[in-house]
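Participant: Sequence:
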Amino acid sequence: IIYKNAKQSMLPQKHYYYLCELVDKWRITDKDMQYYIENGLIEGSIWLDNITLETGHYQFINNGDSVEIPQERVAAYGLYPLLASDCRKLFKQGTIEINFLKNSEGHYCKIYHNSTITTSLDDIVITIEECMRFEGQYEIEPSSNTHAANNNNENNNFTQANNFKEVTYQGQ
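Numbering (the numbering used here), first residue to last: 1 to 172.
Quick caveat, the hints were computed from the structure, so don't treat them as lab data. Be a bit skeptical, because a hint or two may be false.
Claimed, not checked - Heads up, simulated DSSO-like pairs for lysine-lysine below, C-alpha to C-alpha not over 27 Å straight-line: (1) Lys89 <-> Lys25; (2) Lys25 <-> Lys102; (3) Lys25 <-> Lys92; (4) Lys31 <-> Lys14; (5) Lys14 <-> Lys25; (6) Lys102 <-> Lys31; (7) Lys92 <-> Lys110; (8) Lys89 <-> Lys102; (9) Lys92 <-> Lys102; (10) Lys25 <-> Lys110; (11) Lys92 <-> Lys31; (12) Lys102 <-> Lys14; (13) Lys110 <-> Lys89.
Predicted, not measured: the structure shown is a model, and the values here were computed from it.
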């Protein structure tokens, strides 16, 4: 029996997902998720709370080197994207010190006063906007929101999908 058009969940919309949630939602492996993040295919972010950031742009000088030209300093609160190269180190080492965050090409965003932030793999989240962009770009069914207990278990008597819009009981 498949029940369609069941009442939508009244839970609030999430603003971000932990990596393990998307691994379940998209039915991929942890290594797939790692590959996507460390190669810049999907952007990993971390929470910052009252951290002073300096943003600016790079100016290239005659010998090919570049210098940082500061533009502003801001108190950062919220989610900020990591550099893919830092994510690669984070997956390898588990915990790293970061001093730069992702910014547009030719610009920089760094922790002010050459400070660093210690972050761990458990701190990485994917914003809802980034999740939707990735799902759209790679045509991932956003409805692949099957409950984690349903995955690959032939002995389940009950499964659900699409926020309980589709329910299967004892194979029907």
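Participant: Would you mind marking each hint as holding or not holding in the structure?
Facilitator: Each hint tested on the structure:
no., hint, result
1, Lys89 <-> Lys25, "holds (25 Å)"
2, Lys25 <-> Lys102, "holds (26 Å)"
3, Lys25 <-> Lys92, "holds (24 Å)"
4, Lys31 <-> Lys14, "holds (24 Å)"
5, Lys14 <-> Lys25, "holds (14 Å)"
6, Lys102 <-> Lys31, "holds (22 Å)"
7, Lys92 <-> Lys110, "holds (22 Å)"
8, Lys89 <-> Lys102, "holds (15 Å)"
9, Lys92 <-> Lys102, "holds (19 Å)"
10, Lys25 <-> Lys110, "violated (33 Å)"
11, Lys92 <-> Lys31, "holds (12 Å)"
12, Lys102 <-> Lys14, "holds (23 Å)"
13, Lys110 <-> Lys89, "holds (18 Å)"
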